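Trainee: These are the residues of each chain, in order.
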Amino acid sequence: MIIMKCYVCAKEGKESDAVAVCVACGMGTCMKHTIRKEVDVWEGGYPLPSRKLPKKMPRMLCPDCNAAYGDGT
Amino acid sequence: MATLTSRSIAEGVGTALLVYFGAGAAAITLMIANGTKPATPFNIGIGQLGGLGDWFAIGITFGIVIAAVIYALGRVSGAHINPAVTIALWATKRFPSGDAIAYIIAQLAGAAVGSLLFFLTVGMDAVTIGGLGATAPFPGIGYGQAILVEAIATFVLMLVIMGVAVDTRAPQGFAGLIIGLTVAGMITMAGNISGASLNTARTFGPYLMDFLLGGSNLWSFFPIYVIGPVIGAVLAALFYDRITAE
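Protein chains in written order, with the numbering used here: chain A, 1 to 73; chain B, 1 to 246.
Hints listed in this document are in silico derivations from the structure and should not be mistaken for laboratory results.
Wrong hints could be hidden among the right ones.
[Unchecked claim] Short, incomplete list of chain A residues facing chain B, as computed with Cβ under 7 Å:
1. Tyr46
2. Pro47
3. Pro49
[To be verified] Below, a list of computed lysine to aspartate or glutamate pairs in the DMTMM-like style, where the Cα atoms sit at most 20 Å apart:
4. A:Lys55 <-> A:Asp40
5. B:Lys93 <-> A:Glu43
6. A:Lys32 <-> A:Asp64
7. A:Lys11 <-> A:Asp64
8. A:Lys32 <-> A:Asp17
9. A:Lys52 <-> B:Asp99
Everything numeric in this text was worked out from a predicted model, so none of it was measured.
Glycine included, C-beta positions come from ideal geometry on N, C-alpha and C.
All chains should be built: construct the whole structure from the sequences, respecting the hints.
Mentor: See below:
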């Protein structure tokens, strides 16, 4: 069985299994390098008002894409 | 969901824009044609210089504003900007009664504000010559005929709203454009019959401001623009639900 490895760890000369895939670039990331964002989910729209659903949707990002989106460090 | 207050404000602003630009375009057309001799008894000024093109210009102005309001405020309030649409959605149990009452009050108030702003922009000629773009049956058109054309045109409008927006199977993103173009087409054809209101609020604003500012008193025609649009919209919503029932 082939297990995807964390790209960031690999660049640092380490090896760790990936637990997520970045939604933007597809990079595999371990738990340490995965940034989970909670995204609002909206339902409806014209001709009825949009309604924010009670639960949020997760969005997994790698550190590079998170920084590129402007809300990373 | 935004609060009912925010949504009502959005409805008011949207309807004010509709009346300011749409009814304003009708008033401006009358002012441009002022002084020309009508070619036929069926003409009161609109159509005098550009034929049906005058009505198309008015219709497309309405259409563009409607599309803009739907895209800008559709997610906030639903951008009904028309009591007939609100009543049709309420009648088919898609919209709660309390919200519907607040929306209709906001639409009527917004229409009055839009008409007042148009008067403040243009001056007294907007009232005495342009009539603030108020709707009324044209020469030779009876009360019942005006109700009928308003009902038919609003039926088409609501049918399109049901098909391109309410129905979840409709392609996303086209509602504003298609609904705006539909209104433009309805006004181009029906404008010289009943004024092609399709919207009780659109008629209410100019009627109220004409009355308050010393212009024409057209209130005797107001039931046309309540009965026709409401019947047309409710029938369209019920019809769509009936034909799409599985």
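Trainee: None of the hints should be skipped; say for each whether it holds.
Mentor: Cross-check of the supplied hints:
1. Tyr46: 3 Å, holds
2. Pro47: Holds. Min distance 5 Å.
3. Pro49: For Pro49 (chain A), the interface hint holds, since the closest Cβ of chain B sits about 5 Å away, which is under 7 Å.
4. A:Lys55 <-> A:Asp40: The hint holds at about 8 Å.
5. B:Lys93 <-> A:Glu43: 18 Å, holds
6. A:Lys32 <-> A:Asp64: 13 Å, holds
7. A:Lys11 <-> A:Asp64: With Cα atoms ~13 Å apart, Lys11 (chain A) and Asp64 (chain A) stay inside 20 Å; holds.
8. A:Lys32 <-> A:Asp17: 11 Å, holds
9. A:Lys52 <-> B:Asp99: Cα-Cα ~18 Å, so holds.
The structure shown violates none of the earlier numbered hints.
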